[in-house]
Each structure stands twice: as C-alpha cells, then as structure tokens.
Amino acid sequence: MSSYKLTYTRFSERSILIQWPEEIDPKIHKDLLRYKENILKYSKDIIQVINTYNALLLAYTTIEVDYKNEIERLKLLRTKTLAIEPLQTKLWKIPVCYDVKYGLDLEELAAAKNSSIAQLVQWHTEAVYKVYFIGFLPGFLYLGGLDNRLIMPRRQRPRPQIMKGAVGIGGNQTGVYPNASPGGWNIIGNSPITFFDAKAKQPCFANAGDNIQFVAIDINRHAEIRDQIDHGNYKLESEVGNG
Amino acid sequence: MVEVLRTGLYDSIQDLGRLGYQHLGVPTSGAMDQYAASLANSILGNQPEDAVLEFTLLGPSLRFHISTAICITGMQSDAKINGRSVSNNTVININQQDRLSFGQRILGSKGYVAVLGGFQSENVMGSRSMYQNITQKPRILKNDQLSILQLTLINRQPNAHVNTPVSHFNSAQLEVFKGMEFNRLSRVQQDLLFKKEFMVSKDCNRMAYPLEGCLENNLESIITGPVLPGTVQLTPSGQMIVLMRDCQTTGGYPRILQLTEMAINQLSQRAPGEKFTFKIA
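Just so you know, the protein sequences line up as chains A and B, in that order. First residue of the first sequence: 1, per UniProt numbering; consecutive thereafter. First residue of the second sequence: 1, per UniProt numbering; consecutive thereafter.
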C-alpha cells in the first residue's frame, strides 16, 4: 500500500500543489492518479486537477478558499483513497512511418548507435510507453519507457520548424509533436494521427495513465491513414488494460 | 462589424481565459491585465466573461460599421475618435463609420477596447482568447472584420468614470509568494531576490517576461512539474523568467516565486527596460 510522504502547499491564490517524492516512477504515478480521481469526485470549487510525474495541481474557481481547512480536508480524503478500484486504462496503437523522408535524423542516430535503422525501429516499436501526463504543448504526451539503447541527447541546434506528427527522441524521452513547432529532438519518424483537435469533443484521445505502443507503417499507409483522417473514417486501435 | 484599418504591435481578442483544459496541455490565455479588461466590461455593463480587444504598446486603428458603445482601459495613449481625443475608463458612444485610433504611449503597456456585448470571435473550449492551433486566428491582422452585436446602451450613467491608480502601471514593487523551490536557494540568494532590481527584457511576450538582472544559479533542474501564469522560473544561466497568460502548463526549471494575481496584471503593464523589485505578499 502507498505510504509516500506527501507535501501540501498553497501554490497561488487559487491553487494547491500536492507533491510526491521527486521521482519518475510508475507506482507513484498510479498512486497520484487514484488520489486525483477521488479529489475530482469529492470536491466542489475545483475547476481541474492537473497531474505531472509526481504532483497534482488543484485549481480552484475562487480565491476565497480557506487553504488551511481545505488542506486538512484533502488529507482526510487521502486516507479514503486507497480502497477505490484500479483505473481502467487503454493501450493505444500509434502508427508511425519510420521512412527517412520523415525520420530526418534516423541515419545519424543509427551511426551514433553503431546500429541499423531497422534495429532502431525495432527497439522503438517493441517498448510499451506509459502516458504520464499531457503538457508543454496542447496534446503533447509525456511518455515513459524509452529503451535505454535509444537515449540520445537533444540536437545542438534546435530546428526552427518541425512537422506536425514528428516522432522524436530527446535525452531519455520520446514523443510526438502534436503540431508544427520549433524543436530540438532527434526526429525518427512521423505519425499521421491527430494528437490534438481543439474542436473535437475529446480533443486528445489519450489520458494520463494510458499506455501506447508505436506500430511501424510504410509511406503509402501513412498517406492512406492521413486521407482517412481527413475524411473522418479512421479509427485508432486500442485495447483495454488495467495499469 | 469592426474593420481593422491598421494593426498595433500585437492585437488579439481575449477574455478570462480557457479554464479547465490545462490537463490537455492547453494554455490558460486570457487578457494579460485581467483587472483592466474586467474594468472595461464593467463600465460598459457587459458580462465579466465578454471578450475584449487587447493591444500592446501601440494601438490599432479601427472603423466601426455599426453604432455601439465602447470603453478603453489599460495603457494610456491619446485615443481619438475621428481625430478628437477621448478618455480612458468611460463610456464612449460610437456612430456608424466612426474611426478609433491611438497615439503615442503615455503610461502602461497593455490597452483594452471593450464593445457592447463583447467581441464575437470564435469560441473554442469555452473561450474566445486567441491562441495558435486552438483558435483559427492566433492574432488580429490588418483588414480583419471583427464581428460585434447590434446593441443599444441602456441604463447609461452619463458621467460614469473610474480612475485607475497610476501605481497600477508603474508600481516599483510586485507582490509575490515563495515558489515551490524557493527554499532550495541559499540565504544569500533569497536575500538578493528581494533586494535586487530587475528589468523587463525586450523579449517579453504573452507567454513570458524574461528579466534582466541575473541571480547566480546552482540549483538542479526539477523533474517536469506544473507551472501557472505568474510562476517565476530560474533558468540554468541565472536568468529569471516570469510566465504569463499564454505560458505552457508544465516546466522543468525551479519555481522560485509566484506572483499574486494583481502582480501579474501590474507586470503586464510594464514595458521593456522598466525596473521593479519583488516583495513578499
């Protein structure tokens, strides 16, 4: 059972930050997602709870919060949080085209790793990645679980423009650029999937706690999926899991 | 409809912001100076969430194609209707074809124009605040046609006028709370943080106000955690960055201070080169 030492701090005039030990650990993450569920279920005056690897930020609708009492209430709620059922999560299969047309840094990365492109792709598609949270840019998933053999420092010079859907590696992180933006990661492929659609009822398909796996597709299939998405008849594959 | 004859330095439609979507990585956005934007709406009798036009350092030039009433707040810069000077913080009646223009900046940095019923630009995720990849337009451009409602002013108090204290625009001290990583600073650094004068850098924008005047930094980065508008980050070079309304939702630099809501409004009114100190709220 979870016995982490949590700290509760008033972060701003209308928010409280709850922090776990400063570690990237799936167990901590699972524990905080459960607590998050409970807080959302049993609180009024909270607009939203944002989670990262080891923190929950509780945003209140009003500045008229009695923070001392509220923190006591949250601590009490914490003692009840252990009983709830495990979270239902999904495993999303994300198609990625690892062609050098999209994978601008594949050759450089393969040379640096003294390996073949095919080998890099295998390592990148074999791993199951945990979605820790969405942040930085709308629809940008912070993923954990990159194969150690693929760790690569960010590029010395960031590129001024990286394509929407670009899949990159930066240090021990991997991720997908949901929209065109400047960026310093090593680009290894491109996903035709839309990671963020402001007009959609659910703007981002994934939730914190879900898992994803990348599936290699060729350049023709990439174009085909893109086309299906444009015509609204593509459905992303997923499986139900429990953690 | 309101026609944009000429843009200022950076014009956009803003309201109270896009609340409740930060867990998807969506910035809060909204008027940089929420106090001034709300004041404009309240003088006109609008709803608090009605959208206003925000401009920076230099105002746009607008032609109104329907009659309405407006209120200008925030930055003072010799506003004119058809060449005749008008005051801030009061109701101004507008006839069809009237032209609003702004002159040289006198005080402040962010100006607001509210119209009766608010600007009717597209509402995405509960807000009309413009932001790249969320709203179709990230900002207002020349020749844009901004839609507004056909409304007549009722219950007008003829001489309603509210004063904004000058200190709102040039306050020498900004009130802050200690940030999450404040206690990791040495005593010397902590003292310096409240003694030293900091200056707004010329690179300031709606996302962040970098500050000139470094603080020696030997803190390690933190693992990425939540940040908010008003969070002051200490970067590895020792430069401090105050995050503003369009900021990202998470960050990895130590969070050494948190501005109060009013201090965010006040900082947004400071221009590059202006100085201030921090003070515990």
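Source of the hints: derived by calculation from the structure; they are not laboratory data. Be aware that a few hints might be false.
[As the list claims (entries may be wrong)] Here are the computed distance ranges between Cβ atoms for each label pair:
{"#": "1", "chain 1": "A", "residue 1": "Tyr234", "chain 2": "B", "residue 2": "Asn170", "range": "35 to 45 angstroms"}
{"#": "2", "chain 1": "A", "residue 1": "Leu236", "chain 2": "B", "residue 2": "Gln136", "range": "35 to 45 angstroms"}
{"#": "3", "chain 1": "B", "residue 1": "Gln136", "chain 2": "A", "residue 2": "Gln88", "range": "50 to 60 angstroms"}
{"#": "4", "chain 1": "A", "residue 1": "Met163", "chain 2": "B", "residue 2": "Asn183", "range": "39 to 49 angstroms"}
{"#": "5", "chain 1": "B", "residue 1": "Ser221", "chain 2": "A", "residue 2": "Thr79", "range": "26 to 36 angstroms"}
{"#": "6", "chain 1": "B", "residue 1": "Asn170", "chain 2": "A", "residue 2": "Glu23", "range": "57 to 67 angstroms"}
{"#": "7", "chain 1": "B", "residue 1": "His161", "chain 2": "A", "residue 2": "Arg159", "range": "45 to 55 angstroms"}
{"#": "8", "chain 1": "A", "residue 1": "Tyr234", "chain 2": "B", "residue 2": "Glu122", "range": "19 to 29 angstroms"}
{"#": "9", "chain 1": "B", "residue 1": "Pro138", "chain 2": "A", "residue 2": "Arg159", "range": "55 to 65 angstroms"}
{"#": "10", "chain 1": "B", "residue 1": "His161", "chain 2": "A", "residue 2": "Gln88", "range": "54 to 64 angstroms"}
Using N, Cα and C, we set each Cβ at its ideal position, and we do this for glycine too.
Hints versus structure:
1. Tyr234/A / Asn170/B: 35 to 45 angstroms: Violated: the Cβ-Cβ distance is about 55 angstroms, outside 35 to 45 angstroms.
2. Leu236/A / Gln136/B: 35 to 45 angstroms: violated, 25 angstroms
3. Gln136/B / Gln88/A: 50 to 60 angstroms: violated, 35 angstroms
4. Met163/A / Asn183/B: 39 to 49 angstroms: Since Met163/A and Asn183/B have Cβ atoms about 42 angstroms apart, the given range 39 to 49 angstroms holds.
5. Ser221/B / Thr79/A: 26 to 36 angstroms: Roughly 33 angstroms apart at Cβ, these two residues keep to the hinted range, so it holds.
6. Asn170/B / Glu23/A: 57 to 67 angstroms: Hint violated: Cβ distance 45 angstroms, outside 57 to 67 angstroms.
7. His161/B / Arg159/A: 45 to 55 angstroms: holds, 52 angstroms
8. Tyr234/A / Glu122/B: 19 to 29 angstroms: holds, 26 angstroms
9. Pro138/B / Arg159/A: 55 to 65 angstroms: violated, 20 angstroms
10. His161/B / Gln88/A: 54 to 64 angstroms: Holds: the Cβ-Cβ distance is about 58 angstroms, inside 54 to 64 angstroms.
Consistency note: the structure conflicts with the earlier hints numbered 1, 2, 3, 6 and 9.
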